[in-house]
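Novice: This is what each chain is made of:
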Amino acid sequence: MRRDSNQGHSLFRIAMQSLLSSKATVTAFVVMALVVLLTAAAPLLSPWAIDSTDWESVSTPPSVETGHYFGTDDVGRDIFVRTLYGGRISLLVGLSATMVSLVIGVFWGAIAGYAGGRTDQLMMRFVDVMYAMPFMFFVILLMVYFGRNIFLIFIAVGAVNWLDMARIVRGQALSMKHREFVEAARAGGVSHLNIIRRHIIPNLLGVVIVYVTLTIPQVILVESFLSFLGLGVQEPMTSWGALVNDGAALMESAPWTLFFPALFLALTLFCFNFIGDGLRDALDPRDRAGEP
Amino acid sequence: MLRFTAKRFLGAIPTLLVLMVLAFALIRVAPGGPFDSEKQLSAEIQERLNAAYHLDEPLWQQFFRYLGNLLKGDFGPSFAYADYTVSELIATGFPVSLKLGSLAMLLAVIAGIAIGTMAALKQNTRADYAVMTAAMTGISVPTFVVAPLLVLVFAVTLQWFPAGGLGNWQNLVLPVIALALPQIAYIARLTRGSMIEVLRSDYIRTARAQGLTQAEILLHHALKAAVLPVVSYLGPATAAIITGSVVVEQIFGVPGLGRFFVQGALNRDYTLVMGIVVFYGVLIICFNFFVDIAYRWLDPRVTL
Amino acid sequence: MKPPSALTTPPLLELKSLNVSFAGRDGITRAVKDLSYTLRASETLGIVGESGSGKTQSVMSLMGLLPHNATVSGKAVFNRTDLLALSQSELNRVRGKDIAMVFQDPMTSLNPHLTVSAQMSLVARRHLGQSKRDAFAECKRMLDAVRIPEAAKRINQYPHELSGGMRQRVMIATALLCKPKLLIADEPTTALDVTVQAQILQLMRELQTDFATAVLLITHDMGVVAGTCDRVLVMSKGERVEENFVEPLFATPQHPYTRTLLAAVPRLDEINIKLTPPTGTTPLLEARGLEVAYPVDSNSFFAPPNQLKALRGVDLMLLPGETLGVVGESGCGKSTLARAVLNLIPASAGDVVLMGEPLRQLTATQRRAMRSDMQIIFQDPLASLNPRMTIANILCEPLDTYHPNLSRAQKLRRASIILEKVGLKREQLGRYPHEFSGGQCQRIGIARALMFEPKLIVCDEPVSALDVSVQAKVVQLLIELQQELNLSLVFIAHDLAVVRQISHRVMVMYLGKVVELANRDEIYSSPRHPYTRALISAVPIPDPKSQQRLGFAEISGDLPSPLHPPSGCAFCSRCPLAEPRCANEDPPLRAVGRSMVACHLAE
Ligand code: SF4
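Residue numbers (the numbering used here), protein chains in the order written: chain B, 105 to 396; chain D, 1122 to 1425; chain U, 30 to 632.
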């Protein structure tokens, strides 16, 4: 491990190297990037608009000639375009709701963990109480009563997911606090703020990144669940969940309406989960290979 | 043990209170009421209905009235299903959901642990990768895609099992599988990870040095420790199965609590929604209590 | 010593050019190279070496316990069968039955989820084919044989309910269940306190005679080897460097590596390091009646949390340029003392006075300013460095607090000067901690402590995680730095020999109290407290000829729980001299001769 160059090799770089040395993870990254690019470039790729109906082709299977690469649904809307636009919404919901949970969770967990004692007990007791809530029910109620507002979805889902994040961050912060390098910093007179900034947060980052990559697919799944209940985003907007739900109804007559959105949805979730797992392994200092 | 029970019992009170306040507030603050969806009722009838159900009182008073009734075991009448009390509705819906949910849970735990253990033993071989990719797919495909597919394949095409409804065990097969699949996948992944960790620990090395066979090591030494994360996941798993049953009951036309809830929410059936939320809240609290006891039994280092 | 016939019996185990290598990310590492040796029935062979010498891998390969990425070649003939050629199921009939193994850390090597009887009887049932009930009875008999107190109760307990010494006894009892022909002990006492180590080694010697078992003892500790083995094999970097009977090996080591190894071992019975006397007479640091209590969860629902009193009234005084050694076994409160002196944890009573300033009465800002005068070095060198910071940032960080207006270049200049002072190169400033060895990390830790010329450094077990040869160098470095910079050191360790090398005065602690305090020579030549005597006589001496002890009674049993310390004298539950009054009256620390002793009977 010791090298002669003056430049050190940070753990992060080593983790990245091991991550990128796995073909599967790299593939997942590439697929992920492709999906994101496609959804971003949606208007450039097809002449159809998200809600324009093509009366000449209703419920037609995928074909290059008609320009409906993924076929059309029962009112003649282009599945290709709808899948890409739906992807925008799904990814957006996934990212923003995760950010909401990230901010609340890291804040809550880091304070509880670093402060310790009474503060910690109280804050975590609150988390425990929240854990016992049948949250999906609350989300359903929210959607039913306050309308199918996309921002509400972000907040609702984020508010459910921050609990796990808070617990994880708190556990890490708590153990970090007693690590010797933090004690060394305290003995060196470093202020609490700088200790959190320089010592605690950077060392938490790995866990948080892993958790974020694993939360995004969860959130996308929750959104699709709401769509299934007819509580997701509203027409003319759509999402993968909504499309899959529509498609499931046409499964026998027009299977392509189910297949393509479901494929995109599953592929994305798959990639996120895969990257998350890969990251976790790469950031784990113990070598995963070898050993029985 | 007694102390722990007492502690948890006392701890459950604030949890339930928060639960009820939240649910109550959420339901009542929302615009719309149970009687404005019907064809225009005259103002007078509206008023009288509201008075009959005490909807004209201030909110806090209604809350305490509800709480009082609840303590007497009375969930109140349903607004939408006239002639039924909420308790009666729960009594009809819950056994169905319970049967579905517990079977799915059982299947998920057994299959998940078995698959995860096998993958761990064959770590980094083709079999391992195949199983784990399958598991990842299981997590990545939503239930409402899997369920219709199951229907298409096993009910419509192969005609092995009926597509839904209630009756004998055959009716339950597909819904249970649909409900269990994502949980099987999740538990398999959890088990694999923890099993690999456990198999690497010093005391497994000791057991191997003692000349115990692979089976003995797995059964006597490794399994207990490896299922600990699964046990802690049981709480969230129950929640996931309860939510999942909302979907599955819808697709397979099973008249369980999940359907009542969604219907209730859409109908503004205050008491029914409230009743189901409270009921499930209590259920989850009880379940978590049993999970903690199981954890203690598996890991003697944890004191209650 | 063994009867001479042991030398003529046919070999029990014969190793012929054993090679072990591991395939890793950076290619193939050869851990054991061409190793051959023989072991006869009921003989004890010690395999010594420092970390990375391949000593553990060489025996793991015999037991088939190496990870999958290992390749083994050569022959290991045991009882006329080649162990390396056996199938898994054939091997399972040998290991645990004819060859048994005891591992280093009894806490992790026992299954925390199973009771003692559950894990022991699995072995008995497998190899002896016993019924459940017979197996249980056999286990109980074995626990008695390893002298576990209250075996009938212990057998139904879980490992975490036992003390470290008892756990290792359970390990040994399990290993001996099937009366193996060969017992492999991999650092069996390294994780234990000295007094417990002495008990376990004694037990192993006795059992070996009773059971006529051959023993392969793997250790890094020359003292353990000297007192236990018939023959010794020294390994370095995977190779055998020397093999001989124990007496000639110690008396006339042939290989230069053996010689350096022996020279590096700190010895309790002779000192080879001269210290310069303290440079001042006014105390730099004083602690008065220092107490620290941690809250622990109470057992009752309504009762307030219990208090774990880690320090129960400690006084100390330190002169400029002086080193105060603090020794004691785990749980005696020495690490708590280190942190309390530095104000890293709040004291519940008492005060620390630094250069005449009582720290308690200072404001937070003033106290922070005082921090630059006192620094700390930790036990685990790698853990004490933030893995995500470069060495430059680690060293410069404290400067940000006290000299915020220094430029980056000035800070770096200071950092490189200090880095060179501790024996590292300035080119290494850009590296990360994980790129250094343990010894180097400890040097970086020392460098960090030196960044702004502190007057006091508290060293909390600074060398116990290091190999002996590295240990010696770090101790030497500390002594030199002390002379050069006029440092005062509080040197905390469990290793009495190391403490003796570096300290002017030595303080012995037991259950949060000081039991004896005296000059370095005084305390070793005439220890007065029964606990100090026990500690000293428990240290294995790296000389096979001087194995007879100073003649003090050994102590039995384990440290009582610090939650419920005995009333009266803290040591009375284990003291061989205890009298009735010891249980009631707490002996004060009083002057006896030239020492301070807390014992009613000391004179
Ligand atoms: S006071 Fe009594 S118990 Fe304590 S050390 Fe002295 S003789 Fe032993």
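There's no promise every hint is true.
Computed cross-link-like contacts, EDC-like style, restricted to lysine to aspartate or glutamate with a CA-CA straight-line distance of at most 20 Å [stated by the list, open to error]:
1) U:502 with U:190
2) D:1128 with B:224
3) D:1243 with B:224
4) B:127 with D:1249
5) B:127 with U:55
6) U:161 with D:1337
7) B:281 with U:409
8) D:1243 with B:381
9) D:1128 with B:232
10) D:1220 with D:1337
11) D:1345 with U:190
12) U:126 with D:1420
The set of hints was computed from the structure by calculation and includes no laboratory data.
Novice: Are the hints correct? Go through all of them and say.
Specialist: Checked hints:
With a C-alpha separation of about 39 Å, the suggested pairing of residue 502 (chain U) with residue 190 (chain U) is violated against the 20 Å cut-off. For the proposed pair residue 1128 (chain D) and residue 224 (chain B), the alpha carbon gap of about 19 Å is at most 20 Å, so the pair holds. At roughly 42 Å between alpha-carbon atoms, residue 1243 (chain D) and residue 224 (chain B) are farther apart than 20 Å, so this suggested pair is violated. Using a Cα cut-off of 20 Å, the hinted pair residue 127 (chain B) and residue 1249 (chain D) holds, with the two alpha carbons roughly 16 Å apart.
A C-alpha spacing of about 19 Å is found between residue 127 (chain B) and residue 55 (chain U), which places the hinted pair at or below 20 Å, so the restraint holds. Straight-line distance between C-alpha atoms of residue 161 (chain U) and residue 1337 (chain D) comes to about 15 Å, which keeps the hinted pair within the 20 Å bound. Between residue 281 (chain B) and residue 409 (chain U) the CA atoms are separated by roughly 16 Å; this keeps the pair inside 20 Å, and the hint holds. Between residue 1243 (chain D) and residue 381 (chain B) the CA atoms are separated by roughly 18 Å; this keeps the pair inside 20 Å, and the hint holds.
For a cut-off of 20 Å, the pair hint linking residue 1128 (chain D) to residue 232 (chain B) stands: about 14 Å separates their Cα positions. At roughly 34 Å between alpha-carbon atoms, residue 1220 (chain D) and residue 1337 (chain D) are farther apart than 20 Å, so this suggested pair is violated. With a C-alpha separation of about 19 Å, the suggested pairing of residue 1345 (chain D) with residue 190 (chain U) holds against the 20 Å cut-off. For the proposed pair residue 126 (chain U) and residue 1420 (chain D), the alpha carbon gap of about 29 Å is over 20 Å, so the pair is violated.
Hints 1, 3, 10, 12 from the list above are not met by this structure, while the remaining hints are.
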